[in-house]
Amino acid sequence: MHQTLLAWYRQQGRQLPWRETRDPYAIWISEIMLQQTQVKTVLPYYQRWLQLFPTVYDLAAADQQTVLKAWEGLGYYARARNLHKAAQVIVAQHQGQFPEQFEDVVALPGIGRTTAGGILSAAFNQPVPILDGNVKRVLARLIALRQPPSKALDQLWQLSTALVPPREARDFNQALMDLGATVCTRHRPACLICPWRSPCAAYNQNVQLEIPMTETRAPLPHKQIGVAVVWNEQRQILIDRRPQSGLLGGLWEFPGGKIEPGEAVEDCIRRELQEELAIDVEVGDRLITIDHTYTHFKVTLNVFHCRHIGGKPQPIECDEVRWVAVSDLEQFPFPKANGQIIEAIKEIAVS
DNA sequence: CACTCGTGGGG
DNA sequence: TCCCCAAGAGT
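For what it's worth, my numbering labels the leading residue of the first sequence as 1, then goes sequentially.
Quick caveat, the hints were computed from the structure, so don't treat them as lab data.
Check each hint, because a few of them may be wrong.
As the list claims (entries may be wrong) - Think about it this way: if two alpha-carbon atoms lie no more than 25 Å apart in a straight line, the pair counts; the simulated DSS-like pairs of lysine-lysine are:
no.: 1; residue 1: Lys336; residue 2: Lys223
no.: 2; residue 1: Lys69; residue 2: Lys40
no.: 3; residue 1: Lys85; residue 2: Lys336
no.: 4; residue 1: Lys336; residue 2: Lys258
Unchecked claim - Label-pair restraints from in silico Cβ distances:
no.: 5; residue 1: Pro54; residue 2: His222; range: 40 to 48 Å
no.: 6; residue 1: Gln234; residue 2: Arg186; range: 35 to 43 Å
no.: 7; residue 1: Asp58; residue 2: Pro243; range: 20 to 28 Å
no.: 8; residue 1: Gln155; residue 2: Gln236; range: 35 to 43 Å
no.: 9; residue 1: Leu52; residue 2: Tyr294; range: 24 to 32 Å
Computed from a predicted model, the values in this text were never measured in an experiment.
Backbone N, C-alpha and C define an ideal beta-carbon position, used for all residues, glycine too.
Between the sequences and the hints, there should be enough to build the whole structure, so can you do that?
Given below as structure tokens:
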């Protein structure tokens with residue numbers, strides 16, 4: 001089993017920048033970026049990150065806003081916050097050396113069982129198993145698993161553990177992920193060129209398209225949001241920094257909130273800015289309307305120009321509030337949906 | 001342990 | 001247009 005896969009990997013495996021190094025720091029960064037994120041998306045972020053933060057010391061010493069700015073657009077921002085925290089732990093508790101004991105690695109924020117296995121096998125060739133989305137699919141098909149992988153995690157972990165070869169774990173784990181990413185794909189798996197076609201139970205029973213089984217999810221709720229681009233007399237705009245925990249934690253945004261049933265957008269904006277920032281505004285023209293989908297809900301951002309009438313902005317439901325010039329907006333990390341607002345503001349500003 | 005947490009791409 | 005999914009972890 002191993003040798004078949006390893007032989008395939010040596011010929012067909014992907015060449016990826018984090019496979020050119022054995023620096024556990026660089027491999028760690030790649031593993032975190034690759035959580036729930038495709039290789040193509042990660043590549044430019046990975047290169048820029050290592051330019052900005054070449055070592056764990058650079059990362060530990062950076063301020064969080066710089067870290068979040070480097071992560072801007074990648075999503076799941078807790079990954080960046082945890083990466084930053086973990087770097088500080090490695091400097092303070094491990095003398096700047098990435099730990100090599102599994103228990104020490106999984107103890108770092110943002111690193112679970114799969115990521116720990118990925119790092120330790122890739123960086124140190126330790127025979128530890130992994131179980132990411134690719135491996136779940138490959139192994140589920142290998143044994144023709146008749147239930148969703150989430151219901152059989154123990155069994156899949158045992159199988160992954162049993163398969164890792166003692167002396168070639170690095171290549172084997174990478175090969176397993178490549179197989180899932182390029183051959184044993186969700187749609188149109190290329191079974192005819194698969195090195196594991198012969199032992200694959202799903203292929204032999206011709207059920208590879210039905211495995212892994214998926215559980216259905218409820219339809220996403222849709223929220224209407226009122227958003228304010230508040231201008232003051234100096235042609236500055238008001239932005240606020242979201243709390244550390246929760247959605248988009250630590251990122252900046254344009255203030256606003258959920259429109260209550262039957263409420264007009266203008267009323268929502270005036271109410272939210274009073275509740276969250278204790279300021280009075282006059283709501284003007286609509287700037288832009290943005291539809292955006294998050295993992296668990298959809299939003300429509302109804303963005304309106306506003307004029308600041310009175311009250312010094314207070315950080316009541318956020319961590320910080322600032323007035324900033326249009327030209328300075330790009331220095332702050334914003335969520336993707338807010339990026340469209342910034343573009344719209346710039347178009348107004350030049351005209 | 002079910003839920004939360006982004007974004008881009010494919011069918 | 002809409003659903004599903006992609007190198008998961010934290011709570």
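Structure-based check of all given hints:
This hinted pair checks out: Lys336 and Lys223 have alpha carbons roughly 17 Å apart, not beyond 25 Å. Restraint check for Lys69 and Lys40: satisfied, since their Cα atoms lie roughly 20 Å apart, inside the 25 Å limit. This hinted pair checks out: Lys85 and Lys336 have alpha carbons roughly 23 Å apart, not beyond 25 Å. For a cut-off of 25 Å, the pair hint linking Lys336 to Lys258 stands: about 18 Å separates their Cα positions.
For the pair Pro54 and His222, the beta carbons lie near 43 Å from each other, so the given range of 40 to 48 Å is met. A hinted range of 35 to 43 Å is violated for the C-beta pair Gln234 and Arg186, which are about 53 Å apart. Under the hint 20 to 28 Å, the C-beta atoms of Asp58 and Pro243, about 27 Å apart, fit the expected range. Taking 35 to 43 Å as the suggested C-beta distance range, the pair Gln155 and Gln236 does not conform, at roughly 58 Å.
Look at Leu52 against Tyr294: about 27 Å separates their beta carbons, and that is inside 24 to 32 Å.
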